[in-house]
Amino acid sequence: MKLFVLGATGRTGHQFVDQATEHGHHVTAFVREQKKLIPTPQLEIIEGDVTDVSALTDAMNGHDAVVSCLGTDLSDEDFLARVTDALVPAMKANGVTRIIYLASAGIDQEIPGLAGKVVTFMLRKPLRDHRAAVDLWRNSSFDYTIVRPMQLTDGPRTSVYRVSVDGIPENGKQISRADVAQFMLNAAEDQLFIRQSIGLAY
1 MKLFVLGATG RTGHQFVDQA TEHGHHVTAF VREQKKLIPT PQLEIIEGDV
51 TDVSALTDAM NGHDAVVSCL GTDLSDEDFL ARVTDALVPA MKANGVTRII
101 YLASAGIDQE IPGLAGKVVT FMLRKPLRDH RAAVDLWRNS SFDYTIVRPM
151 QLTDGPRTSV YRVSVDGIPE NGKQISRADV AQFMLNAAED QLFIRQSIGL
201 AY
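The numbering of the sequence shown is UniProt numbering, which starts it at 1 and goes up by one.
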C-alpha cells in the first residue's frame, strides 16, 4: 500500500511510520518540518502546510489511504478541524476514500464516572477540536476509522489490547503509542472498522 501520513514526526506517528515500512508499505510523510525522520526507499518526506489544499492534493497523488496522527495545537484551537477541511477536497481530488484518524478517548464524553468528568474538563479544548474534526468525517462519505486511545504511554508494543466500538474498554486506563500504531496499521491493511469509532486500552 501507499500510505499518506500526517503527524509522522510525533511519537505515535513515528511508531506508525516504522511499523508500516517494516511491513513493506510505501509511506509518504507530509510534515511541516523534516525532523526526526530520515528518508529511505520506502519513506518519502514532503514538507508542506497541512492546511493547504493545493499542497495536500499534489502530494497525495497515487496513494491508497490517509493516516492522521496529528495532535492538537494549543495555540490554534481549530487546527485539526482546519486540517480536515483541507484533507476532504484533497482526498476527493485523488479518489482516496480511506482515512484512519487518531483522536482521543473523551471526545464523545464516553469515559464514565468522576474520572471521565475530570478528564473531559481538563482536556476540553483539545477534545473540542478533535470532536469538530471527527464530526466532519462522520458526516462525510469517506471510509473512516476513528481511533480513540486512553492515556498514551511510551511503553513497548505488546499486541495485546482491547477495543470497544463507540465506548472504551471497561476499566481501561492506558495504552502504548506502539500498540495504537499497530491497531491503526492493521485497520488500514485489513480494511477493519470502517465507518466506526474505536476506543483502545489494555
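Worth double-checking, as some hints may not be accurate.
What the hints assert, rightly or not - Derived EDC-like pairs (lysine to aspartate or glutamate); straight-line CA-CA distance at most 16 Å:
no., residue 1, residue 2
1, 35, 47
2, 173, 143
3, 92, 143
4, 125, 143
5, 2, 44
6, 92, 47
7, 2, 78
8, 2, 33
Think of the hints as simulated: they come from the structure by calculation, not from any bench.
Taking the hints in turn, this is what the structure says about them:
Distance hint between residue 35 and residue 47 is fulfilled; the C-alpha atoms sit about 10 Å from each other, no more than 16 Å. At most 16 Å may separate the alpha-carbon atoms for a hinted pair to count; residue 173 and residue 143 exceed this at roughly 28 Å. Between the alpha carbons of residue 92 and residue 143 the distance comes to roughly 12 Å, so the proposed pair stays at or under 16 Å and holds. Of the supplied pair hints, the one linking residue 125 and residue 143 is violated, its CA atoms being roughly 26 Å apart against a limit of 16 Å.
For the suggested pair residue 2 and residue 44, the alpha carbons sit about 10 Å apart, so the restraint of at most 16 Å is met. Taking the CA atoms of residue 92 and residue 47, the gap is about 21 Å. The hint is violated against a cut of 16 Å. With a C-alpha separation of about 28 Å, the suggested pairing of residue 2 with residue 78 is violated against the 16 Å cut-off. Pair hint residue 2 plus residue 33 does not hold up; C-alpha atoms about 21 Å apart against a cutoff of 16 Å.
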